[in-house]
Amino acid sequence: MGLGLLSNTAVLLGKELRAEFRSRELLTTTVIFILMVMVLFSFTFDPSSSESRRFGGGLLWLAFLFAASLMLQPCFLREQTNDTLSALRLSVSDPFAILLAKLAANTLFLLVTELLMLPVFAVLYNVPVFPVFGQLLLVFFLGSLGVSVAGTALSAISAQARMRELLLPLLLLPLLTPVLVASTQVTAGLLDVQPFVQWKGVGFLAVFDLVFLTALWLFGEYLLEE
Amino acid sequence: MTPTDPAGIRFTHIEKRYGGLFALRRVSLEIAAGECVALAGRNGSGKTSLLRIAAQLVRPSAGEVRFTRANGQSFDGARPRIGYVAHATMVYDELTAEENLLLFARLQGSATPAALAERLLREVGLLERRASLVRTFSRGMRQRVAIARALLQQPQILLLDEPGTGLDAEGLLWLAGTLRELRDAGCTLLMSLHGESEISALATRGVRLDAGSLVADTRDGADLRSIFALAGA
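Heads up: the sequence lines are chains A and B, in that order. If you read the first sequence in the numbering used here, its first letter stands for residue 88, the second for the next number, and so on. If you read the second sequence in the numbering used here, its first letter stands for residue 16, the second for the next number, and so on.
Looking at chain A on its own, in the form it has when it is part of the complex:
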């Protein structure tokens, strides 16, 4: 990876952050959505029981998944409004920079949403999360990166297709099943009365991220072509 790629990625990430903090379109939508899911489910669980600990991991990742699909949908669609993707392709030295910046922005936005929702989850479901905050952060990062790598690639593909709103979730959900299962299991272990880290799950997430990131690097250029 050359300096051109890194500097292009940094410039594009800055643009993504500036645009989002100006509109707050993605963060507002996803935070409200996850908040709604948390509040609604809190009525169906007995917060004082061990049920919260058992179902907490699954609930968190289900909410994060739907939030991610909301976040990923406009990722490349916004570039089509004024054909800005073509302008980017003409300007960057390596087209992978476009994907890398989108991927970094999606991971960051998803992680921010997750971290904002963690205290809400802890309060509503009466689960202490702060003793395992560091480990949760690691799982959230690896899981979010996996969701974002696959999601960014599929968002680029679906943006150029007909029925794009339907196509992204259709492709995304099966592909993300392994990441979601691993993330849920590791999170459930951390929320247990005797918290523990399932290193096998953590390893699986790291490998998934690495494999998909490499595939994105190798074939990403073709995803951006018309």
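Hints listed in this document are in silico derivations from the structure and should not be mistaken for laboratory results. Keep in mind it's a predicted model, so treat the numbers as computed, not measured. All the pointers check out, no bait thrown in.
Restraint-style ranges between C-beta atoms, simulated for each label pair:
id: 1; chain 1: B; residue 1: Leu36; chain 2: A; residue 2: Gly145; range: 40 to 50 angstroms
id: 2; chain 1: A; residue 1: Glu312; chain 2: B; residue 2: Arg81; range: 15 to 25 angstroms
id: 3; chain 1: A; residue 1: Ala248; chain 2: B; residue 2: Ser76; range: 11 to 21 angstroms
id: 4; chain 1: B; residue 1: Ser147; chain 2: A; residue 2: Gln247; range: 29 to 39 angstroms
id: 5; chain 1: B; residue 1: Thr127; chain 2: A; residue 2: Thr115; range: 36 to 46 angstroms
id: 6; chain 1: A; residue 1: Leu157; chain 2: B; residue 2: Ser89; range: 41 to 51 angstroms
Computed, partial: chain B to chain A, Cβ under 7 angstroms:
id: 7; residue: Leu72
id: 8; residue: Ala103
id: 9; residue: Leu118
id: 10; residue: Gln123
The beta-carbon is built from N, C-alpha and C at its ideal position, and this holds for glycine as well.
Chain A is already provided as a structure; the job is to place chain B on it using the hints.
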């Protein structure tokens, strides 16, 4: 605005199919470095496809595009600097005019992006509105930002798809003046146009596409006026 190394384009047997539809049929066209070529044709005749293939945004279904130096030799490996003004503005509505130019200048590796953006904003007459979001601009003002973006990297080849879109009479005169300067400085211009105007008057050559085929070229004896008249454009 002076390109240091003028570049030409050589299209050889270019075909572009979208499913069963032919947008271009075996188009061969050689544009020498420094030429100013007007591309005429009805809607759907393949002008935009040819420009997007020249910009390397679209891969042709068959045939090849090569970039040539002033002496006729091909560029080896490296690609010339290409500016492209499309139908769409290719700038971000949610950024200001200055932020847009800074973004693309930085991506292109400009050493002095701020100075470059300021100079171009002054040239296109938008310096006073530099801090305004592009979404607040009129179509003509957006087109000026689009043209400024295309000029950022001092293009050796400038591709323009109906560049007069949205510009008022004063804007058209400004654009014609800018393109004249570029042409005189050796920049190769390939511009899709609908009908004769101040801009078409700059052309040193005209070609006409019809249903994806190249059907007339002033180099082969057709006169520039007939290129537009026959095109029905």
